[in-house]
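J.: I would like the entire structure built from these sequences, with the hints used as guidance.
Read top to bottom, the protein sequences are chains A and B.
59 is the number that this note's numbering gives to position 53 of the first sequence; each next residue is one higher, with no gaps.
403 is the number that this note's numbering gives to position 30 of the second sequence; each next residue is one higher, with no gaps.
If you're looking for bench data, these hints aren't it; they were derived computationally from the structure.
Every residue gets a Cβ at the ideal spot worked out from N, C-alpha and C, and that includes glycine.
Zero decoy hints are in this set.
What the simulated footprint calls covered on chain A by chain B, stretch by stretch (three residues with Cβ under 8 Å from a Cβ of chain B suffice, anywhere in the stretch; the number is not a length): (1) 41 to 50; (2) 110 to 116.
Just a few of them, taken from the derived set where beta-carbon distance is under 8 Å, the chain B residues facing chain A: (3) P381; (4) K415; (5) G416; (6) P417; (7) E418; (8) L419; (9) L461; (10) F475; (11) A477; (12) G478.
The list that follows gives simulated cross-link-like pairs (lysine-lysine, DSS-like), each with its CA atoms no further than 25 Å apart: (13) K63(A) <-> K472(B); (14) K472(B) <-> K440(B); (15) K429(B) <-> K472(B); (16) K63(A) <-> K375(B); (17) K472(B) <-> K443(B); (18) K17(A) <-> K415(B); (19) K415(B) <-> K484(B); (20) K375(B) <-> K443(B); (21) K472(B) <-> K375(B).
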Amino acid sequence: DTGVSQDPRHKITKRGQNVTFRCDPISEHNRLYWYRQTLGQGPEFLTYFQNEAQLEKSRLLSDRFSAERPKGSFSTLEIQRTEQGDSAMYLCASSLGGGVNTEAFFGQGTRLTVV
Amino acid sequence: QKEVEQDPGPLSVPEGAIVSLNCTYSNSAFQYFMWYRQYSRKGPELLMYTYSSGNKEDGRFTAQVDKSSKYISLFIRDSQPSDSATYLCAMSPNTGGFKTIFGAGTRLFVKA
Numbered sequence: 007d008t009g010v011s012q013d014p015r016h017k018i019t020k021r022g023q024n025v026t027f028r029c030d031p032i033s034e035h036n037r038l039y040w041y042r043q044t045l046g047q048g049p050e051f052l053t054y055f056q057n058e059a060q061l062e063k064s065r066l067l068s069d070r071f072s073a074e075r076p077k078g079s080f081s082t083l084e085i086q087r088t089e090q091g092d093s094a095m096y097l098c099a100s101s102l103g104g105g106v107n108t109e110a111f112f113g114q115g116t117r118l119t120v121v
Numbered sequence: 374q375k376e377v378e379q380d381p382g383p384l385s386v387p388e389g390a391i392v393s394l395n396c397t398y399s400n401s402a403f404q405y406f407m408w409y410r411q412y413s414r415k416g417p418e419l420l421m422y423t424y425s426s427g428n429k430e431d432g433r434f435t436a437q438v439d440k441s442s443k444y445i446s447l448f449i450r451d452s453q454p455s456d457s458a459t460y461l462c463a464m465s466p467n468t469g470g471f472k473t474i475f476g477a478g479t480r481l482f483v484k485a
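T.: Quick look at the structure:
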């Protein structure tokens, strides 16, 4: 499977715990995006990387959230001191550049439940 | 008011019907308009991509953009049960992708 891969698919955690998600983009894609999607809503942009550089962060990305993309390959999204409001689907997408007709391919997401 | 408004449905149609899905938006800076399909427990997949106003056709799918009315549509002809999914409109002021704003999605059910 050469698509965007996310791990784990599901995560249940207790409030206050830290969690980390991983995204493996399509191998030649230089751009990587993280989105959050809650039930009945569309994806909301969190942050994006071009190669290893984090170029944009949404105001949704509080201080408890941190994302990395070492060496411009896979990326991790960590949430510290999780809150019930963090329960959502976390989607990763990747693309080759950002020009017209550039398609971003989404992974299947990591569904986080904070209890 | 949200930047992008989309009726969440659900919309239920018989197989073979023409489906019309719509979004309105408020930001006149949006230049790129997209429709994504999302099956249950899957990530969104891009269906159609349109720049500025006009129509674009791809098989059974037609996307329309009316920038003067800030209104976009997706038409599905000869709908099939396999078209049952959530359809998300999305739009962006640039090609960077990271400023893309998604609608809430419309759930579509096509009955055999």
